[in-house]
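Using the hints provided, position chains Z and P relative to the given structure of chain E.
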Amino acid sequence: MLKEKTTRGRARTRREASTGWPARLVLRRLITAAAILLVVSLVVFFLTQALPGDVVHQILGQTATDEQIARLRAELGLDRPLVAQYLDWFSGILRLDFGTSLTSGTPVADLVGDRMAATLVLVAVTAAILLPVAFTLGTLAARRPGGVLDHLVSGAATVLLSLPEFVVGILLVLLLATNIWPVLPPTSVVSGNQRVWDDPRLMVLPVLTLVLTAMPYLTESVKTAVRDELASDHIRWARLSGIGERRILLRHALPNAVGPSLQVSAMTLTYLLGGTVTIEVVFAYPGLGSALVSAVADRDVTVVQGIVMVVAALSLLLYLLVDLLGALAAPRSKGRAG
Amino acid sequence: MTPTADAPRAEIRDLRIVVRASGEAVVPGIDLTVEAGRIVGLAGETGSGKSTLGLSLLGYVAPGLDVRAGTVRVNGQPVVGEGVQNLRSVRGRTVSYVPQDPSSALNPSLRVGDIVREVMAAHGVLDRGAQRRRAQELFSAVGLPADASFHRRYPHELSGGQKQRVAIAVAFALDPAVVVMDEPTTGLDVSTTRKVVSLVREMSARTGSSVVFVSHDLRLLMSFADRILVMRGGEIVEDVPASRFAEAATHPYSRKLLASLPDTTTLAPRRYRRAGTYALELAAVSARYGKTTATHAVSLRVPTGECLALVGESGSGKTTLARCVAGFHSDYDGDVLVADAVLPRAVERRALAQRRAVQYVFQNPHASLNPRRSVGDSVALAAATLGGLPRRQAWSRAREMVERVGLRADHMVALPHELSGGQCQRMALARALAAQPDVLVCDEVTSSLDVSVQAGIVDLLQDLQKERRLSMLFITHDLTLARVVAENTAVLLDGTVVEYGDSQSVLQAPRHDYTRRLVEAAQATHDQM
Amino acid sequence: MNAANSTPVHDDRRTTVVARMLRDPRSVLGTVAVVLVVVPAVVGPHLATRDPEEFAGAPLLGPAAGHLLGTDILGRDVLTRLLAGGQTFIIQGALATLIGVTLGAGVGIAMAMLSRRASELLLSVNDTFIVIPQILVSLLVITRFGATPPVLVAVVALSHVAHTARVARAATSHVASSDYVLAAAGIGLSRRRIAAHELLPNVLPVLLVELGVRLAASFVLLASLNFLGFGSSGLEWGRMIEENKGGLAVQPLAVMAPVLVMAVFLIGMNLVRDGASRALAARSAR
Numbered sequence: 001m002l003k004e005k006t007t008r009g010r011a012r013t014r015r016e017a018s019t020g021w022p023a024r025l026v027l028r029r030l031i032t033a034a035a036i037l038l039v040v041s042l043v044v045f046f047l048t049q050a051l052p053g054d055v056v057h058q059i060l061g062q063t064a065t066d067e068q069i070a071r072l073r074a075e076l077g078l079d080r081p082l083v084a085q086y087l088d089w090f091s092g093i094l095r096l097d098f099g100t101s102l103t104s105g106t107p108v109a110d111l112v113g114d115r116m117a118a119t120l121v122l123v124a125v126t127a128a129i130l131l132p133v134a135f136t137l138g139t140l141a142a143r144r145p146g147g148v149l150d151h152l153v154s155g156a157a158t159v160l161l162s163l164p165e166f167v168v169g170i171l172l173v174l175l176l177a178t179n180i181w182p183v184l185p186p187t188s189v190v191s192g193n194q195r196v197w198d199d200p201r202l203m204v205l206p207v208l209t210l211v212l213t214a215m216p217y218l219t220e221s222v223k224t225a226v227r228d229e230l231a232s233d234h235i236r237w238a239r240l241s242g243i244g245e246r247r248i249l250l251r252h253a254l255p256n257a258v259g260p261s262l263q264v265s266a267m268t269l270t271y272l273l274g275g276t277v278t279i280e281v282v283f284a285y286p287g288l289g290s291a292l293v294s295a296v297a298d299r300d301v302t303v304v305q306g307i308v309m310v311v312a313a314l315s316l317l318l319y320l321l322v323d324l325l326g327a328l329a330a331p332r333s334k335g336r337a338g
Numbered sequence: 001m002t003p004t005a006d007a008p009r010a011e012i013r014d015l016r017i018v019v020r021a022s023g024e025a026v027v028p029g030i031d032l033t034v035e036a037g038r039i040v041g042l043a044g045e046t047g048s049g050k051s052t053l054g055l056s057l058l059g060y061v062a063p064g065l066d067v068r069a070g071t072v073r074v075n076g077q078p079v080v081g082e083g084v085q086n087l088r089s090v091r092g093r094t095v096s097y098v099p100q101d102p103s104s105a106l107n108p109s110l111r112v113g114d115i116v117r118e119v120m121a122a123h124g125v126l127d128r129g130a131q132r133r134r135a136q137e138l139f140s141a142v143g144l145p146a147d148a149s150f151h152r153r154y155p156h157e158l159s160g161g162q163k164q165r166v167a168i169a170v171a172f173a174l175d176p177a178v179v180v181m182d183e184p185t186t187g188l189d190v191s192t193t194r195k196v197v198s199l200v201r202e203m204s205a206r207t208g209s210s211v212v213f214v215s216h217d218l219r220l221l222m223s224f225a226d227r228i229l230v231m232r233g234g235e236i237v238e239d240v241p242a243s244r245f246a247e248a249a250t251h252p253y254s255r256k257l258l259a260s261l262p263d264t265t266t267l268a269p270r271r272y273r274r275a276g277t278y279a280l281e282l283a284a285v286s287a288r289y290g291k292t293t294a295t296h297a298v299s300l301r302v303p304t305g306e307c308l309a310l311v312g313e314s315g316s317g318k319t320t321l322a323r324c325v326a327g328f329h330s331d332y333d334g335d336v337l338v339a340d341a342v343l344p345r346a347v348e349r350r351a352l353a354q355r356r357a358v359q360y361v362f363q364n365p366h367a368s369l370n371p372r373r374s375v376g377d378s379v380a381l382a383a384a385t386l387g388g389l390p391r392r393q394a395w396s397r398a399r400e401m402v403e404r405v406g407l408r409a410d411h412m413v414a415l416p417h418e419l420s421g422g423q424c425q426r427m428a429l430a431r432a433l434a435a436q437p438d439v440l441v442c443d444e445v446t447s448s449l450d451v452s453v454q455a456g457i458v459d460l461l462q463d464l465q466k467e468r469r470l471s472m473l474f475i476t477h478d479l480t481l482a483r484v485v486a487e488n489t490a491v492l493l494d495g496t497v498v499e500y501g502d503s504q505s506v507l508q509a510p511r512h513d514y515t516r517r518l519v520e521a522a523q524a525t526h527d528q529m
Numbered sequence: 001m002n003a004a005n006s007t008p009v010h011d012d013r014r015t016t017v018v019a020r021m022l023r024d025p026r027s028v029l030g031t032v033a034v035v036l037v038v039v040p041a042v043v044g045p046h047l048a049t050r051d052p053e054e055f056a057g058a059p060l061l062g063p064a065a066g067h068l069l070g071t072d073i074l075g076r077d078v079l080t081r082l083l084a085g086g087q088t089f090i091i092q093g094a095l096a097t098l099i100g101v102t103l104g105a106g107v108g109i110a111m112a113m114l115s116r117r118a119s120e121l122l123l124s125v126n127d128t129f130i131v132i133p134q135i136l137v138s139l140l141v142i143t144r145f146g147a148t149p150p151v152l153v154a155v156v157a158l159s160h161v162a163h164t165a166r167v168a169r170a171a172t173s174h175v176a177s178s179d180y181v182l183a184a185a186g187i188g189l190s191r192r193r194i195a196a197h198e199l200l201p202n203v204l205p206v207l208l209v210e211l212g213v214r215l216a217a218s219f220v221l222l223a224s225l226n227f228l229g230f231g232s233s234g235l236e237w238g239r240m241i242e243e244n245k246g247g248l249a250v251q252p253l254a255v256m257a258p259v260l261v262m263a264v265f266l267i268g269m270n271l272v273r274d275g276a277s278r279a280l281a282a283r284s285a286r
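Chains as they are written, first to last, in this note's numbering: chain E, 1 to 338; chain Z, 1 to 529; chain P, 1 to 286.
Hints listed in this document are in silico derivations from the structure and should not be mistaken for laboratory results.
A hint or two may mislead.
[What the hints assert, rightly or not] The calculated label-pair distances, taken between Cβ atoms and stated as ranges, are:
1. P/Gly246 / Z/Arg20: 54 to 60 Å
2. E/Leu321 / Z/Thr292: 42 to 48 Å
3. Z/Ser447 / E/Phe90: 47 to 53 Å
4. Z/Ala248 / E/His151: 53 to 59 Å
Predicted, not measured: the structure shown is a model, and the values here were computed from it.
Backbone N, C-alpha and C fix where the C-beta goes; we use that ideal spot for every residue, glycine too.
For reference, chain E alone in the conformation it holds in the complex (with noise of 0.2 Å):
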């Protein structure tokens, strides 16, 4: 056994040492996003419009004429081979082409880009304010462990993870905007060519609720991995050795726990990604996630289509952003674990 470990041991650091440039790093982790973007492509075609079963009929609903049916039957090009249809739609959404919408008629890319705005606005104002604070409160406690923040921080954990979302967004609009004290805007609602973040008051909401749901498993995660490092041999050995405590907090803890943070944090960037889609409900923001429900709603299978598109992908840009960052900010991770 121990011959085993040895073995593999070494081939993985040489593997990794050959791997090792950060433009290497990059140009794997890009090539297997584009990978995973095409796997991903292929299952939203495939749920969508190439299973078996017919999606005008569902669309339509079974009061549609024969002729309304035979339209959106050519303008889906169902009349095509799967493949042909496969290819078209997937190289217009390259040329970021996504159709047009087939309650308004209008291109999808349009409806799309100024909500992606305002949903990538929502999740970095959330993830500004939740990394660094996270970030805070998971060491702080991890000082501590079995003290007063440790505890609460594992109790807000236990009741904020367990409530979807929408229900902490309730709780806070009954909180602030409506019942107890109103002093924000219960609605996100803009007018005209007003932008979202013109006025910050209807942000607050949204932005908390995500920070909220979001923040008990990433500072949990960070509490975990600062403890686990504070009571490792290393640290052990540095303080026998005399070194200063908040050295040890800052030069020997902090760089070894921020690798497997990372990993959570870009964890939890997708999670807000999806967490955005109750949330805009919620508070009628208008972003990707209401726009998506609404198009749901009315099985407009073109925008459905598109927005899913952009949201996988923003999911994954924003993985591979993170994780790259990890990577390369505590090289020495890696290698400890061959």
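Okay, now just chains Z and P, sitting in the frame of chain E:
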């Protein structure tokens, strides 16, 4: 730093350390004085309190333990008891520490040069030039490459021995009064261990630092320490000069420890052998892991009723070979023959009779027994499937085997984690015996056990071998152990057999350089006895 | 302990998981909370004296004698709807979890049995689905097939497969590479007996914890879908919250009643799950 050259470097007075939760004493009350420049060996088994005592010199007690009474002073400065202030400035400078496992003790994200410089910076050596010069000096003193590129390496780019040298360099960086070393050679192979301990001697002589060397390896301590303390149940039961330990140690427990060291003067008796019959034969076995080759065309033979020891360091391929024999590793070229018949490679392909013929005992006894099945069931299962016995007979065969390996029937209802390591290894042995094998493969079966338990297992194996005419393939990293249990010895280096013959000639007239080094390393410890 | 003859230590690790949980106040609290929600939800539809769709009074009335929790935005009785809305929700969530975890465990165990290369390839495909937000896939399927009960159960079940497969694969390969499984092959056990007696009992605890995690996740996803307007009966708790959130300022109970019921249920379930993991961990701790 020292008031007078001869003043004791460390003084422990009436130290009492207890488990906070239960109040049970880990160290019931100890006095100890460490003189300047001496190497004090602290021997004892797991749980004897030797590490707790060692760490108290740094004013450290493990979480969950409490100091109830007593004082510890290092170089006159209190670290435990009244008057303790600013432990941080004492640790690393007046008293330093070398940890057990250097791979987990070196911060993986710091370069080794920075690790050394950091400790100097923490104790007021702030000039970077001075730090670098001292680090250079230390690295060459401990036999590490002194070039700048080595300073820039990360711990994972170093071998186990190099990491331990880095840790030693750090410990001696500020010429401390006392260096506490907590089993610093565990996990290192024999020749690296030798080098590390002679380095410790040298550094101690060079700097005048006293060393408290905690180890379970009595033989090692006898080979280089000035004074040996034996601990048991938190108390020092023996305190004699190392050179005279063998004669002067009087406590029954010390005598027991001494007795359990493999006696290197007697060789395994030669046994009757019918010419030309081999219980096990390896013919040009080349084992692979994917593209890496672990062994290169290894050919070995185990005559019926004899034992062949396969000696090598970790990574030499010895366990891989053992796994090929058992069918647990099937990616190999060449053949494994039992009673002159080639065995299918994977154990799943082997007929029941072939599986019965070869039984395997693992290194880690707890991991080799199903955690959710009583150990008795595990033994009975072997008797039932391989012995073809119905339930009731299988259980009584199991009981017979369990009693044969020195356990009682009431041990059989236990789950693995309810037994000690030694008991578990006996159970694993009982399971192997219940199959009534022709060949027993023992993979480092004693290396995860305490010394006094090891001796019991080795005795048992020898008895069983005689009694049942078992043929054995005995995998070990310990040359002296090979000499005791095996008629023949093969030495494996990087997957190649470099030495192969009867144990006596291998040990007395080694032909290969590597074997010679191993023998010298073993001899060096032996000569001190 | 070292002497071969010392008696084995029968410690309390043998205590059953249930007994252990009964001694843990958090688990007990969680169980009580879950029971307090599940029992009325199951019996509820039979207790109701009204039709949940019946207009019982003016919209958004506060609590009164006839309407203990007031009326909703259309003037229907909140209590009646609350009692009627839990059954399908709980049944669909539980069913989806069972299906999803079973599928995921199957996929994961199968992955662990494959060669390392094939397994790693499948794992990276599998991980793709973990990265993509689950609700997207659910909405896709609902667009195509509508929010009928089988579709809802299917999408929620689907959302678990990738995650459970990952957990099951890790647990299985961990156990499969253990010495005691090798030893079992060495003493002649057949593949099937090894799978049934060595692998499964040691993988099962992990799968049980996963079942708990997934059960909670099922209800969260299902409630979210209901809230977004995709429910099969139209009177799920999530739907009630959505319908009445416009009247929050006037008749908060119409929203708060389902919110609180759901919160008690989900928090209770998390407490039970954490308690179970703790109990299992304590039992297998060495």
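A quick look at each hint next to the structure:
no. : hint                            : result
1   : P/Gly246 / Z/Arg20: 54 to 60 Å  : 58 Å, holds
2   : E/Leu321 / Z/Thr292: 42 to 48 Å : 35 Å, violated
3   : Z/Ser447 / E/Phe90: 47 to 53 Å  : 59 Å, violated
4   : Z/Ala248 / E/His151: 53 to 59 Å : 56 Å, holds
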